[in-house]
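What follows is the residue order along each chain.
There are 2 protein chains.
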Amino acid sequence: MAKKNKQFVEKVTAMEDDFAQWYTDVVKQADLVDYGPVRGSMIIRPEGYAIWENIRDILDAKIKETGHENMYFPLFIPESMLQKEKDHIEGFAPEVAWVTHGGDEALQERLVVRPTSEVLFAEHYAKIIHSYRDLPKLYNQWSNVVRWEKTTRPFLRSLEFLWQEGHTCHATEEDAAKETRQMLDVYASVFEDYMAIPVLKGKKTEKEKFAGASYTLTIESLMHDGKALQAGTSHHLGTGFAEAFDIRFSNEAGELQPVHQTSWGFTTRSIGAMIMVHGDNCGLVVPPKIAAKQVMIVPVAQHKEGVLDKAYQLKEQLGSIARVDIDASDKMPGWKFNEYEMKGVPIRLEIGPKDIEKGQAVLVRRDTGEKLFTPIDELETAIPELLEDIQRSLFEKAMKHREEKTSVATTMEEFKNSLEQNPGFIKAMWCGDQQCEDQIKEETTATSRCIPFEQEKVADTCVCCQKQAKELVYWAKAY
Amino acid sequence: MAKKNKQFVEKVTAMEDDFAQWYTDVVKQADLVDYGPVRGSMIIRPEGYAIWENIRDILDAKIKETGHENMYFPLFIPESMLQKEKDHIEGFAPEVAWVTHGGDEALQERLVVRPTSEVLFAEHYAKIIHSYRDLPKLYNQWSNVVRWEKTTRPFLRSLEFLWQEGHTCHATEEDAAKETRQMLDVYASVFEDYMAIPVLKGKKTEKEKFAGASYTLTIESLMHDGKALQAGTSHHLGTGFAEAFDIRFSNEAGELQPVHQTSWGFTTRSIGAMIMVHGDNCGLVVPPKIAAKQVMIVPVAQHKEGVLDKAYQLKEQLGSIARVDIDASDKMPGWKFNEYEMKGVPIRLEIGPKDIEKGQAVLVRRDTGEKLFTPIDELETAIPELLEDIQRSLFEKAMKHREEKTSVATTMEEFKNSLEQNPGFIKAMWCGDQQCEDQIKEETTATSRCIPFEQEKVADTCVCCQKQAKELVYWAKAY
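Protein chains in written order, with the numbering used here: chain A, 99 to 577; chain B, 99 to 577.
Honestly, the hints are just simulated from the structure, not real lab data. Any given hint could be a false lead.
Same chains, same label: a pair holds when it works inside one copy or across any pair of copies.
What the hints assert, rightly or not - Capping the alpha-carbon separation at 25 Å, the derived lysine-lysine pairs in PhoX-like fashion look like this:
no., residue 1, residue 2
1, K555, K469
2, K305, K429
3, K225, K498
4, K160, K387
5, K429, K225
6, K539, K555
7, K429, K160
8, K225, K434
9, K162, K413
10, K514, K525
11, K434, K162
12, K387, K555
13, K525, K248
14, K514, K575
15, K301, K160
16, K469, K325
17, K248, K387
18, K402, K126
19, K109, K225
20, K162, K387
21, K109, K402
22, K225, K162
23, K325, K514
24, K469, K539
Predicted model, so just to flag it, every value in this text is computed and none were measured.
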């Protein structure tokens with residue numbers, strides 16, 4: 099952990115004392131967000147939005163590489179349209195915002211501000227899909243959505259958030275299943291390979307699946323405080339929406355068939371995960387691949403001759419190998435150190451008169467605080483290597499943390515003890531009965547996070563009812 | 099103009115017969131949009147969205163190059179907040195959508211779905227700006243906005259549209275004035291250098307300026323039917339919002355001063371301009387620099403040995419010099435020709451057995467229909483040159499059209515005759531009195547489009563009242 103700087107430590111609650119307050123302090127102090135005027139809404143400030151732009155661009159490229167096309171659907175959904183798929187409306191009705199007036203007039207039918215766009219896609223697909231030749235249809239949209247949440251926190255649960263939602267139609271159940279899994283793997287790659295956050299891949303239980311889906315696949319990540327966060331979901335919708343919206347195609351034999359659908363979403367919540375996995379008591383730690391700035395140059399004794407010239411020259415020289423910026427403001431270097439630690443810039447580059455004399459610069463890692471005195475003519479190879487090393491270390495550290503925070507339980511007593519003594523994931527066998535799932539939640543507040551693809555048999559019987567176990571489930575308290 | 103293909107001509111109304119219907123036919127037939135479920139809302143389909151992505155990426159790069167940062171503000175604005183700036187609320191209140199319920203509960207205060215975000219930015223700026231050191235603040239956001247329009251048309255005027263809105267704060271009136279003009283020039287460059295649409299630059303009259311601005315700068319373009327379209331606006335907001343929202347900074351002398359603000363917006367309306375400036379009776383004509391696909395390869399007699407192989411080989415080979423796609427579906431080549439003419443792909447590349455024998459491919463220009471028999475080993479230089487030539491020709495053609503459609507009027511009779519006989523821009527002197535502006539609109543339905551930066555004196559007296567003229571104004575009927 100980087101050396102603590104007094105000025106900022108005073109502003110940020112220690113995570114050991116109050117993790118929720120630490121989170122709130124960091125998102126504010128690192129200038130990621132400000133609160134919007136409506137309760138639960140957030141302003142994503144430039145420091146936060148730049149991270150989102152990087153994540154979005156990485157994911158968008160992957161979405162396009164896998165053959166999907168972007169498009170844009172309207173914000174408003176007529177109430178009657180949302181009601182066409184019964185499970186769906188039941189799931190979403192309690193948490194939508196309603197538009198009742200346009201200009202001076204009361205509307206004849208209320209409109210929902212989209213909480214998700216399955217029904218809009220479904221109605222459009224019904225119009226444009228006729229034959230097997232029209233399949234698959236692989237569409238995606240980047241947009242804002244609104245969910246009228248009671249308790250909110252920036253990024254994690256807000257009245258409005260940004261996301262992409264993919265919606266696809268396929269000729270067969272198998273094709274839709276492959277797509278559902280493919281997009282989960284894409285999400286997992288963004289989390290693991292770019293955000294340095296290890297994820298568990300698996301399936302949600304019936305209780306936890308998306309309203310209107312046949313099944314939901316999920317990636318689950320573990321935060322620093324031992325609580326889980328659902329990092330992305332990919333739904334196999336089966337033919338439910340196709341039946342409700344009459345999305346049918348004639349197959350090669352000329353028979354009319356409903357399409358098989360998927361939908362999958364990735365949101366600004368991911369930034370919340372990044373904060374809670376990598377952050378420390380000095381603030382954010384942003385993985386190099388998604389950092390707005392990867393290297394911040396801080397001149398030391400910048401009033402002395404040659405220092406600023408050299409600093410700007412380094413910015414110029416290094417600009418092609420990394421995202422480099424310079425802070426040449428008249429603030430004291432110590433304040434700048436604090437500021438960019440708080441903002442999580444991966445590498446600080448210090449350059450002062452003595453360094454120039456020695457032909458060196460000081461590279462300071464945000465993740466470990468380690469100082470590397472590096473010859474100036476080696477910076478162009480040292481910096482990319484260091485960025486890679488930071489990226490790798492962050493992932494390894496997060497993986498080690500997850501492993502340490504994963505326990506096995508075979509009885510409810512073990513389950514409760516583990517949750518208390520080493521909060522994190524609990525691996526426990528389950529009979530498959532929702533009653534046991536409900537009971538576990540009631541007794542422990544932990545929920546089933548996923549039925550992992552990689553199954554193990556840690557016991558023969560259900561952790562709750564002790565009857566014959568069906569499968570392994572990861573449980574945790576969750577965001 | 100490309101050779102007319104019967105199949106599609108039957109589907110698209112000729113622009114000479116009914117321009118409005120031609121427009122509607124083209125946006126539908128070229129798969130740019132579909133209508134959304136709520137009156138006046140639109141679904142931007144992949145063909146349309148890909149064009150928007152290209153325009154957006156070009157503009158976003160320019161916005162960042164000029165030092166602006168992206169961020170994101172919430173969708174909802176409390177009613178009381180919108181009311182703080184009086185001109186602003188008066189301008190927008192009649193055309194906003196109102197949210198009155200969240201989940202099952204009636205809200206204590208109604209929320210507006212943002213029609214624009216001046217007030218949100220203003221409140222945030224009041225919190226974060228304290229000193230001259232905090233200035234300028236140069237923020238931008240890409241988002242959707244809603245305006246409850248009575249009559250709507252895809253892209254041109256829709257219930258919801260996509261745009262960017264820049265909002266900046268400056269220490270002096272002059273700095274804000276420079277910014278206002280800089281961003282107008284950025285918009286003009288996107289239109290002229292990328293969308294091949296010539297624009298007039300100038301200032302709006304008091305009557306036509308933005309609700310809440312000191313003054314509004316505008317770029318105005320001329321459509322094929324002689325009607326003008328406001329292509330982008332940049333507003334000098336003065337200190338109106340700063341006073342209403344208390345955005346003040348202490349200057350170097352320690353005195354508290356209101357900031358000087360600007361705002362500027364560029365919307366999906368630009369796609370409407372592209373359609374109406376370049377399109378013809380075969381459909382869209384998309385300028386190469388913003389086209390989703392620049393070259394569409396259509397194999398001829400593709401069942402014959404070697405044709406498809408060669409076609410795919412060309413796609414591979416040309417992929418690094420242009421955005422190239424291939425249509426190897428089992429549709430007849432003639433149908434494919436029609437389809438990509440309708441979609442406005444700049445170059446069609448035909449390759450059949452005879453071409454392969456001769457070592458050539460046929461390049462067909464969408465804009466002129468000209469066929470160029472080109473040796474295969476020259477394609478890599480011929481295609482980029484041809485794309486450049488198409489881009490240039492489109493601009494020149496549009497410029498020639500605008501010049502032909504621009505008349506001078508010194509009396510109201512001339513004004514009316516020109517509007518009738520050669521609909522387009524009318525250059526006429528104005529006394530500066532809003533009464534004359536109102537009267538011109540009433541008598542002719544033409545509105546003042548701009549007071550051009552490049553002033554000329556085409557007469558001594560106002561075209562309407564014949565009193566002493568103050569300045570030249572461009573007038574036109576407008577979208």
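What label fits K555 with K469 when the C-alpha limit is 25 Å: within, between, both, or neither?
This pair counts as neither: shortest intra-copy Cα distance 46 Å, inter-copy 69 Å.
For K162 vs K413, is the C-alpha pair at or below 25 Å within one copy, between two copies, both, or neither?
between (33 Å within a copy, 18 Å between copies)
Between K160 and K387, at a C-alpha cutoff of 25 Å, which is it: within one copy, between copies, both, or neither?
Classified as both: same-chain Cα gap 15 Å, cross-chain 23 Å, threshold 25 Å.
Since the copies are identical, ignore which copy is meant and state whether K429 and K160 lie within 25 Å (CA to CA) inside a copy, between copies, both or neither.
neither (41 Å within a copy, 30 Å between copies)
Intra- versus inter-copy proximity for K387 and K248 (alpha-carbon distance at most 25 Å)
The answer is neither: 34 Å in one copy and 47 Å across copies each exceed 25 Å.
What label fits K525 with K248 when the C-alpha limit is 25 Å: within, between, both, or neither?
neither (31 Å within a copy, 58 Å between copies)
Pop the pair K429 and K225 into one bin, within, between, both or neither, using alpha-carbon distances up to 25 Å.
Result: close only across copies, 21 Å inter versus 61 Å intra.
Pop the pair K109 and K402 into one bin, within, between, both or neither, using alpha-carbon distances up to 25 Å.
The answer is neither: 32 Å in one copy and 74 Å across copies each exceed 25 Å.
Checking K305 and K429: alpha-carbon separation at most 25 Å within a copy, between copies, both or neither?
Classified as neither: same-chain Cα gap 54 Å, cross-chain 47 Å, threshold 25 Å.
Pop the pair K301 and K160 into one bin, within, between, both or neither, using alpha-carbon distances up to 25 Å.
Answer is within: at 22 Å inside a copy they meet the 25 Å cutoff, but 44 Å across does not.
Homomeric proximity label, K162 with K387: Cα distance no greater than 25 Å
Close inside one copy (20 Å) and across copies (20 Å); limit 25 Å.
Cα distance capped at 25 Å. Does K387 pair with K555 within a copy, between copies, both, or neither?
neither (37 Å within a copy, 58 Å between copies)
This entry does not satisfy hints 1, 2, 3, 7, 12, 13, 16, 17, 18, 21 and 24, going by the numbered hints stated previously.
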